[in-house]
Amino acid sequence: MADRVLPGHPIVEGVAKGPLLAADEPLSFWGGYDAGTGRIIDRTHALTGQRAAGAILAIPETRGSSTTTAVLLESVRQGNAPAGIVTRGTDAFLALASIVAEELYGKGFPVVSLDDEGFAEILGAAGAEILPGGEIRLD
Amino acid sequence: MPLTLESRDRAVLEGAKGEGAALAMRILVRMAEVQGATRLIDISGAHIDSSLYMGDATLEYAERLAAGGAAVVVPTTLNVAGVDAHGWQEWAVPSEWASKARRQMDAYEAMGCKPTWTCAPYQTEQRPGFGEQIAWGESSAIVFANSVLGARTERYPDLLDICAAITGRVPAIGLHLDENRAGQLHVRLHGIPEAVQEAEDFPSVLGHWLGGVARSRIPVLDGLVTIPNEDELKALGAAMASSGAVALFHWIGTTPEAPSLDAAFQGRSPEETVEVALDDLQRARAELTSSEGEDLDLVVLGSPHFSLEEFRALAPLLKGRRRHPGVRLLVTCGRGVKLIAQQAGLLEPLLEFGAEVTVDTCILTTPMLPSEIGSLMTNSAKYAHYTPSLLDRRVVFGTLSDCVESAVEGRVRRDDGPWGIAHG
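Going down the list, the protein sequences come from chains A and B.
Going by numbering that gives the first Met the number 0, the first sequence opens with residue 0, and the numbers climb by one from there.
Going by numbering that gives the first Met the number 0, the second sequence opens with residue 0, and the numbers climb by one from there.
By construction, these hints were calculated from the structure, which means they are not laboratory data.
Quick caveat: nothing in here was measured; it's all calculated off a predicted structure.
Among these hints, one or two may not hold up.
Examples of chain A residues toward chain B, derived with CB under 8 Å [to be verified]: (1) VAL4; (2) HIS8; (3) ILE10; (4) VAL14; (5) LEU19; (6) ASP41; (7) ARG62; (8) THR68; (9) LEU72; (10) GLU73; (11) LEU95; (12) LEU103.
All C-beta atoms in this analysis are idealised placements derived from N, C-alpha and C, irrespective of residue type, glycine included.
Hey, can you work out the whole structure from these sequences and the hints?
In structure tokens form, the structure reads like this:
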């Protein structure tokens, strides 16, 4: 199948490449993500047990706790953050973690939002790469 | 339209108030741009969830701001910390964790925040008034401030709340603005018996179910027979903000922006109407229990932090009784409420029962539980929701009296009350 490029909206600019982990289910990083291993630990989540460190993580939005940002920042410090995150619509929590990581550690991660249609497409993709300007190449 | 900054904001950005304030303003402005704000507005208070110690990153962030001379410019309370500053030695908290969490507490106090160390600042502190613009962190406090008090706050994440307190400014977006506070989801009860609606755990169960359905939308509760008290509203909101991302709910005839259905929806039509039936709630209630067995090591109460009224309800249940030697009973609360409860004579029955009180933090935010504690029981939907993943332990959800009976007997006791009868 030919590669397909989706026009995403860059919330935080950057490029990233990695395995794709995608689920149509919100995630709270507090209680849902282990900053020490980069694994998803929310047992009720579709991606539970999977390692998102270095991956392109696609979730519709965060949910629950306002501590999601702190957990994600810690995962950047420990080198266990996703390489990039794709959401459906703007999720401020994810953007904030990346912006503060850039300030503190000089390394954030790209955050891109897709519309409903684009997000539905990434759910069915085998792999994804975040390109400059928020474009996402699927394969 | 791009973001327009006032000259006072630009001055802070350029370092007029020091490096710490400039860092806070830089982050705030970038977030305002991300969120599509065209201007910043003033706030008159803040509640800081960034106080939670989540590892070296949160400590480094706090110390970077404090070392840069940052100070809050509005009255600011502090959420729970990573450690009970004076009682941690009685539990299994590693001393390195305690000392780093303590350093983080010091950094926030150095910035001029009030050392309240509670997720329920509205229990003891001056409350924001109706319509007041504030920046609050802590999901359960946010939903309480918006829904029950009618104050206006967005869902401030950790790391950003302190930037708002240091600059006194927030992006003019979301729940700060009238037009975004209208209900979106009309929630109607379908054939739920009054006895179930009056059950002590009904608000927690309803909230747990509703969070999953509403996600980040604004639900409007309609047609309930009860008039909830503040602790029930606290439990309802905290449950929705755990299973979902609800930051504001309306309850017709109860919450201040919902005198009528029309007012709650600001004259618009709901985006969606959902009916909740008894089996939806039976399922939600069952989800809050992850353990089928009767094993029990710890009963824990107080998420969000236990209120004075809850101490008042608990004390007579414990009077003249004693916990089973194999079960500990822990209450987590703010240091302010503990002091008042003590002065009101409400702590003596607890201590005679063999119960313990932890302040400043909770079981989810400090590694206090020793490894031999594997099975928990609680009346809090928030504790029940997070215990399996955050603590990797089993949990049973029950009422306050279930919790006490279980602590006395040393094994899980549950009275299904109206839930069982309704099921039958």
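Are any of the numbered hints broken by this structure? If so, which, sorted upward?
1, 2, 4 and 5
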